[in-house]
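Whole structure, please, built from the sequences with the hints as guidance.
Protein chains in written order, with our numbering: chain A, 1 to 274; chain B, 1 to 236; chain C, 1 to 215.
The reader is advised that the hints may include incorrect statements.
Unchecked claim - Heads up, simulated DSSO-like pairs for lysine-lysine below, C-alpha to C-alpha not over 27 Å straight-line: (1) A:Lys116 to A:Lys171; (2) B:Lys65 to C:Lys160; (3) A:Lys156 to B:Lys100; (4) B:Lys63 to C:Lys34; (5) A:Lys85 to A:Lys233; (6) A:Lys165 to A:Lys116; (7) A:Lys85 to A:Lys165; (8) B:Lys63 to C:Lys90; (9) A:Lys171 to A:Lys233; (10) A:Lys233 to A:Lys116; (11) A:Lys116 to A:Lys156; (12) A:Lys156 to B:Lys65; (13) B:Lys65 to C:Lys163; (14) C:Lys34 to B:Lys2; (15) A:Lys171 to A:Lys85.
In case anyone wonders, no lab produced these hints; they're calculated from the structure.
The chain contents come next:
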Amino acid sequence: MTIWDKISAIDRRWIYLAMAISIFIPTIVVIRFPVEITVESRQLYDAVESLPDSSVVMLTFDYYPSTLAETEPMSIAALRQLFRKNMKVVTISHIPLGGPSIAERVTRQIAEEFGKVYGIDYVNLGYKANYVAVMHGLASSIEAIFPSDWSGTPLKEIPMMQTIKCYRDIKFIFSVSDNATIDYWISIVNAQYGVPVGGGVTAVSAPKMYSFVEAGQLTGLLGGMKGAAEYEKLVGVEGTATRGMDAQSLAHFLIIALVIIGNIGFFATKHRQG
Amino acid sequence: MKTTIPLIVAFLSGIVLIFAFFFNPDRVFIGAAQEVVLQWMTIISGFALVLGVVSILRVNSAKVKRREAGWHYKLATVISVLVMAIPAILPVSSKTFGGKIFYTVFPENSASLFGTGTGSIYDWLFNYVDSPMMETMFAMLAFYIASAAYRAFRARNAEATLLLLTATIVMMWRVPIGEAFLRLFSTQLPDYINMFLMNGFNVAVQRGIIIGAALGAAAMSLRIILGIERTYMGKG
Amino acid sequence: MEGLSFIEHFQLWLKAYLILSLFSFMYRDNPVYKMSEHIFAGLSAGYYVGLIWQTVIIQQLVNPMVDEGDWWLVFPGFLGILMFARMSRKYTWISRTSLAFVMGSTAGIYLIQTLHGLILPQTYSTIVSLDPSRGFAATLLSLIVVIGVISTLVYFYFSKEHKGFLGATARLGIWFIMISFGAHFGYTVMGRISLLIGRIQFLVYDWGGSIKQLF
Chain A
1 MTIWDKISAI DRRWIYLAMA ISIFIPTIVV IRFPVEITVE SRQLYDAVES
51 LPDSSVVMLT FDYYPSTLAE TEPMSIAALR QLFRKNMKVV TISHIPLGGP
101 SIAERVTRQI AEEFGKVYGI DYVNLGYKAN YVAVMHGLAS SIEAIFPSDW
151 SGTPLKEIPM MQTIKCYRDI KFIFSVSDNA TIDYWISIVN AQYGVPVGGG
201 VTAVSAPKMY SFVEAGQLTG LLGGMKGAAE YEKLVGVEGT ATRGMDAQSL
251 AHFLIIALVI IGNIGFFATK HRQG
Chain B
1 MKTTIPLIVA FLSGIVLIFA FFFNPDRVFI GAAQEVVLQW MTIISGFALV
51 LGVVSILRVN SAKVKRREAG WHYKLATVIS VLVMAIPAIL PVSSKTFGGK
101 IFYTVFPENS ASLFGTGTGS IYDWLFNYVD SPMMETMFAM LAFYIASAAY
151 RAFRARNAEA TLLLLTATIV MMWRVPIGEA FLRLFSTQLP DYINMFLMNG
201 FNVAVQRGII IGAALGAAAM SLRIILGIER TYMGKG
Chain C
1 MEGLSFIEHF QLWLKAYLIL SLFSFMYRDN PVYKMSEHIF AGLSAGYYVG
51 LIWQTVIIQQ LVNPMVDEGD WWLVFPGFLG ILMFARMSRK YTWISRTSLA
101 FVMGSTAGIY LIQTLHGLIL PQTYSTIVSL DPSRGFAATL LSLIVVIGVI
151 STLVYFYFSK EHKGFLGATA RLGIWFIMIS FGAHFGYTVM GRISLLIGRI
201 QFLVYDWGGS IKQLF
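Pasting the structure below:
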């Protein structure tokens, strides 16, 4: 048995341990390499900045708890930017497992930081089933689809919603998503109703979104934890995404090293076997 | 009868939403019809979600009854469904019809524990039990991807080598240390990766896939509206 | 981390226990993992019940019917209940009308959405970008996109055998696809690692903070 055979037969749990250590160490020992801003993140930030103060922005929480590490920092940074500009924020979720609860928790937490009041500065519409129908329905009447907000208060009793009746009253949709819902915000709401849509998505969805940015259908893009870290930098408040970038660096290098070692072993064994 | 009525319903509901696209929904009757169809869609689809839960309860409680292997785990699932669901469906106010009866038995100050709002049992269980577990389940994929990178990611041929090289470049580019390393070769290298790799080659393929898949979805939609595609109805 | 109350400590320790119980599977399958896994499945299913009860049944049906007198909502409610006929093999046909309503209307939305929201703008952007007046780099980029889109579409076109010019274009398509999938893999690695970072950040910062305070 050669050294390469031994390396190839290594127990997978050693790899798991290496992965855990590669994240654990930079989480404790902070180095903080600078995060560079990409064109797409800057575009999104500028689009929101260019909106007049007190505009109505819809912030979507279209993600499951499974991807909170990537998506929650985006929502938090977006809320900080929106509240700083005194925007009226309408939150909504198309995710049946946890979406509206996350929206409620995160928005209340950031609203408290800025002294914003529920019903005056922000409203959580919550969830309704069948997202394509919901997206279309909001074009003619928000109240027809959402007679009440997430906690059950009728919309007609919420002061902020007295002037927000449909998409015509919404200036921008900031969609944070970990699934295909953002495709529909783009291809239904932006395409048919003309509301500008900007997006923060998980790393897995990001490559597809470039196509929409290039076509001008999506105004800016945040891709994964790096995108979230870029937005935190733009907004000027470091959060969990920025803190996670050192670990991200080391873990990526571990993966690259594993690919190289795996391939050297593969070629060495192949060469020996002829 | 068993299939004709559903086919007519599918045709009419689909055609209303297609026509609505071509008219100003504010002025024409079709706009009102569209609003009704969309509202009904959200309501009916909601019931479909609960269907899955009923199925989970049925399957698991049957296993508990039969004392199958691992039945105590199935019992934990059934209990968890009930613990989460029951407080969420209890009335949150004594003003409603159900609430009037409920709060004659239970103290009214317990209302904040029920429903789905902040501070409810449902909300607490989600934030401190369900959500952390779901986050962890998916975090475990990082271990598997590391193992797969070591065991399966091989440069077996030219195409696989190309995939491997691109993946390595992107992995370097997306992290701060890697980006700094790439800038050692050329200060503009990371920008070129974004421009040509992501906005060039990647956009081309993603766009091809988007257009191809959209053509397929459009054809399938037309088949459903015209009643050619009927597999969703099942047998019988 | 400021002074935590008993309940806050309890919440952090509960979360930490659940996380570690699931991670224990990475060593080997065990009863602690299995129990957490089954509780997770149950709570997630229970979440749907609470969500649909409050957002659909109460907010969209009961309240508008009782408070506003929107009695006609009884029809979508009835169609929704019919969905449960799918649980019975004998009466499953009863659910077809409800299902057909959702399928038909969704198909209506998709037909417009795919043609108007995806195919046309994406094709338009591909063609319009080929404008030499935008400079060399932009034109080169557009050329890459045009060639890539066509060759990718050809690669997925199976109605004719990939021979001759079609075969060569399809081969070019697979090279493009490999580059894009490579980029996708690179991003996927980042995504998966991010989720683990989130968990370890919790264990180090939040749970670690609680441990520090208690001991």
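Here's how the hints hold up against the structure:
| no. | hint | in the structure |
| --- | --- | --- |
| 1 | A:Lys116 to A:Lys171 | holds, 20 Å |
| 2 | B:Lys65 to C:Lys160 | violated, 56 Å |
| 3 | A:Lys156 to B:Lys100 | holds, 24 Å |
| 4 | B:Lys63 to C:Lys34 | holds, 16 Å |
| 5 | A:Lys85 to A:Lys233 | holds, 17 Å |
| 6 | A:Lys165 to A:Lys116 | holds, 21 Å |
| 7 | A:Lys85 to A:Lys165 | holds, 22 Å |
| 8 | B:Lys63 to C:Lys90 | holds, 23 Å |
| 9 | A:Lys171 to A:Lys233 | holds, 24 Å |
| 10 | A:Lys233 to A:Lys116 | holds, 23 Å |
| 11 | A:Lys116 to A:Lys156 | holds, 20 Å |
| 12 | A:Lys156 to B:Lys65 | violated, 49 Å |
| 13 | B:Lys65 to C:Lys163 | violated, 61 Å |
| 14 | C:Lys34 to B:Lys2 | violated, 44 Å |
| 15 | A:Lys171 to A:Lys85 | holds, 14 Å |
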